[in-house]
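Using the hints provided, position chains B and C relative to the given structure of chain A.
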Amino acid sequence: MNRIRAVSKLISGRLGLGDLDGFVQEDKAYERAKSIVPFFYYFLLFIALLQLLQLRHLAEPLIFAPRWPIFWADYMSFHAATTVILVFFAFSALTGAYFCRNRFGRIIAFLGFLQFHALQASFGGPNHQWDLWLWVALILIFLPDIWEKTKQSSREGKKFLIVFWGAQAFLLLTYSMSGIGKLLHAALQYFQGEAHLFMFNSAAFHVYSWLNAMQATSLLGQLIMEHPLLGWFPFMFILYVQVFAFLVAFRPSLHRVWALALVLFHMGTYFGMNAEFFYQVPLLFIFLFASPFHEPGTSWRKMISDLPLVSCLLRRLHSKHVTVT
Amino acid sequence: MIKHTTQNQKNYLTRFEFILQGIARLISKSFPFRNISKIMRENYAFEKARTIVPFFYYFMVIVALYRILDLSNIVNEGQRIFAPRWPIFWADYLHYLTVIDIVHVFFILATLTGAFFYRHRAGRFIVFLGILEYHALRNSFGVTYHNWDIWVWIALLFIFLPDAWGSAHKSPRERKRFLLIFWGAQAFVLLMYSMSGMWKIIAAVGQYLNGEASAVSFDAFSLHISTQLNILPETMTSMLGPLIINYPLLGWLPLIAIIYLQSFSFFIAFRPSLHSIWALGLILFHVGAYLTIGAEFFQHIPFLLFLFLDSPFRDPRASWRQTIADLPIFGWILGYLPKRNITNAV
Amino acid sequence: MSLSHSLLEKLIVLFLVSYFVVGVYAHFYIINQEEVYLLYSWDLYTKVPPRIQTEFAILIHEFEGKRLENPIIFERARGVLYSSLTEYRHATYNKTNIQNIVRLLAPSILQDKTREIERLRMELEKTFLSHPVVYEVVEVTFNPIERWKNGRFININRLGIFTSQVF
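Residue numbers (the numbering used here), protein chains in the order written: chain A, 1 to 325; chain B, 1001 to 1346; chain C, 2001 to 2167.
Quick caveat, the hints were computed from the structure, so don't treat them as lab data. Virtual Cβ for every residue (Gly too), placed ideally from N, Cα, C. Hints should not be assumed to be uniformly reliable.
Okay, the calculated bits of chain A under chain B, using three or more residues with CB under 8 Å as the criterion [what the hints assert, rightly or not]: (1) 29-39; (2) 163-169; (3) 230-244; (4) 257-267; (5) 271-282.
Subject to a maximum C-alpha distance of 27 Å in a straight line, what follows is the list of computed DSS-like cross-link-like pairs (lysine-lysine) [said to hold, decoys possible]: (6) A:34 x B:1048; (7) A:28 x A:159; (8) A:28 x B:1048; (9) C:2066 x C:2126; (10) C:2010 x B:1048; (11) A:302 x A:28; (12) A:34 x A:158; (13) A:158 x A:302; (14) A:182 x A:28; (15) C:2047 x C:2149; (16) B:1048 x A:182; (17) A:159 x B:1048; (18) A:34 x A:159; (19) C:2066 x C:2047.
Okay, chain A solo, but in the shape it has when bound (with noise of 0.2 Å):
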C-alpha cells in the first residue's frame, strides 16, 4: 500500500496534477455543478425530438443487426422497431430532463438514449458519434440526488462535483486517448520509414486520403492539398490539445480555452475532411465550457502557467533560478 501510495505521490508530482481536493471542496463550485447539470438532459431531450424527424422517412436499410441492446428488434419489423426505439429515447429523455435531480429519471434517460446508439450502431458497422453521450449518461447517473436540500454536507458537495468532474476527465479522456494513438502511430511509421505525422505534408495527405475514400470535397480540403504547411500547423497544435486534454482536467484554468480548442478542431475536421464530429460540441459547451471548477476572471499568467508542457519548462526555470540565487 504504501508502495502504490509512493508511485502515485511520484506521479502527481511528476505531472503536476492541480490540487483537486481543493477545488472539489468549493461551494460555489458546487452551486454552477447543480446548475449545469441539468442542461445535459436539456440537450438530450432536444436531441430526442430531432430524431424523431427520421419518422417521417425511414426507409429499409441494406442491413440491420440488432446490437444487443435492442435484441428485442428481431421480433419485428425495422419500421415498427424503429418507431418503438425512437419513441421511447423522446419520452425518457423528457423524464430525464423533468427528473434529472432524481436517480431514477437519469436512470431511465440513460435506457432511452441506450436504446437509441444500440440502433445507430446496428447497421452493419459501429457509430461511434454519440458514445461519449452514452457514457456521460451513465456517469451523471451516480450523482447523489441532493438538489433539493437547501442545505448539503460538503460531504455530499463533494461526492457531487467528484462525479461531475468525472464526467469532464471522460471526456478528455477520449480525446487523448486519440492523440496518443496518433502520436504513436507516428512513431511507427517513423521507425518503418512511413509518412508520418511530423512531415510537413502530413495533413495535406491526411486530407487527400480521407477524401478519396469518401468521395467528397471539403471547403478547405484543396487549399490544404496545395498548400501543406498550411495544415500543419493546426494538425501539431490539434494534436497538442488531444494529447494532453486528459491533463487539462487537472487545470481548470485552462477548462474554457481547451473547449474552444476542441470546437475549433471539429470546425477544423470538417472544414478541411468533410469528417463531422459537432455531436461532442454540446458535450464541450456543457463540461467545460461551463466548467463549475473555472473561475471566472482567471488571469493570462496563470492560464500560460498551466500549460502541459509550457508549465515544466516553467517550472524548471524556475527552480534552476531558485538554486542560482
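Below, chains B and C without anything else, positioned relative to chain A:
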C-alpha cells in the same frame, strides 16, 4: 386660456376613470404578479437566470455549426430565387456564393464570440447580428421560415441584460433589471403562442356561427390532418395521423387542450408555478403536431427548456395546490367556490 | 445603460404590446401577399378545413405508353412515375409544391389563355412530369377524410388532357 370643465364633463370623466380603474383592477386580479418584486429580491432567482443565459449562447454555436451542414441546400435554393431581405441589403452588390460564405462565417464567428463574451453587451450584440444576418439569408428565397424568428428576438432582448456576471454580489437594482429582461424574454415566447391561440378561438367562433366545421367539432382534428396529408407526398408518413383520422374523437380533446394551452400561454408569464408544466405541454404540442400533421417547429423547444423548465421565478416551496389554483379557468372556478368545497375538490 | 426599473418595465410592456399589435396588423397585410419581415401574426392552422373541399389536381392516365386501369392523382403516383424512393426524392427535393403551378394552370385553361397554358405546362412538366405521361388537369370536390382513406372524390370536373413533352 383656462379650460373650465362643466359638471357633466366632470361626471363623465369620473365615470370613465372609474371604469378604467375597474378594468385595471380586473386585469391585476387576473394577472396577479404581486410576488415578482419579492422574487426579484431573492438571490436564488438571479443566480438561476444568470446560469441559464450563457447556455443560449452556447446553443447558438451548435446551431451555427449545424447550419454549415445545410450549405449545399442553400446554394441550390438560391439558384432558383434570391431576394435579399433588408438585413442583407449588401448582398445585392456581391456574388451569391460570396454572400453565403460571408453570412455563414460571420454567424460562426459571432456565436463563438458570444460563447466567450456573453458577459459583455458588445458580445451579445455581435451574436444578435450574426443570427439576424443568417435569418435574413434563410428567408430570402421567396418563402418565410418563422421557426427561426424566436432566435432573433431573444438574442435582441438579451442585449439589454445588464452585464451582471462580473462579480458574485450584485445590487438588488441590478438583479431586478436582469430578471426583468429575463422575464421579458419568457413573456415574449409565451406571447407568440397566445397569438396563435387567439386566432384559433376567433376562427372557431366565426366558423361555428357560419355553421361550418369548427374547432369544437368532433372531427376538427381529423379534418386538419387529412387535409394536410392529402397534399403531402406519400413518402411523408404520419405516425399518429391515420389513428386520429380513423377515430376522430381521439383528436377532439387534444385539439381543445392545444387551444387552451396556446391561448392562455401569455397569462402563464405571470404564474411561475405553472412555468414548467406549461413548457411540458407546449413541448408535447410540438411533438404531437409533428407526429400528426408534420408541422415541425422544434426550434422553439430549446427556449421552452432553457427559460421555463427550471424557471428562476418558480418558488421551490410552492405546493401543487398553488399550481392548481393558478391554472387558467380551472383555478378561477376553484377560487370562486366556497372554501370547504375547495378543500374537497383538491 | 442605466434605465430606472419602472421605465424598463414600461419598455418591456411596450415591446410586447407593439409586437402583438403589429403581428395582428400583419395578419391582414398577408391577404395582399405581403409579409412584414420578422413580424408575424402566428395564425397557423387557424381555421378548420371545410368538410367539402374543391381544388385543382393532376391525374395521371398513361405512363410510358401504358394506360393505367384507374387514373392516379399525382401525389399518389410515386410508385408509377419513379422506379425508386431515391429517384423520387432526388427529383422532387427542393422543388416547389405542384399545387403552386396547378392553381395557376387550371384557371388559365378555364380562361383559354393559350400562352399562359403553354408556359405553365412547360414548368409543370419540367419540374414534376418529365416522363412520357398523359395527364389531365381536373377540378376535384371531396371530403378530405374520405379522400385520404379511400382516394374517393365526390365530383371530378375535367379541364384538359395533355401529353408531356419534356422528357
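Violated hints - listed by number, lowest first: Structure breaks hints 2, 3, 14, 16, 19.
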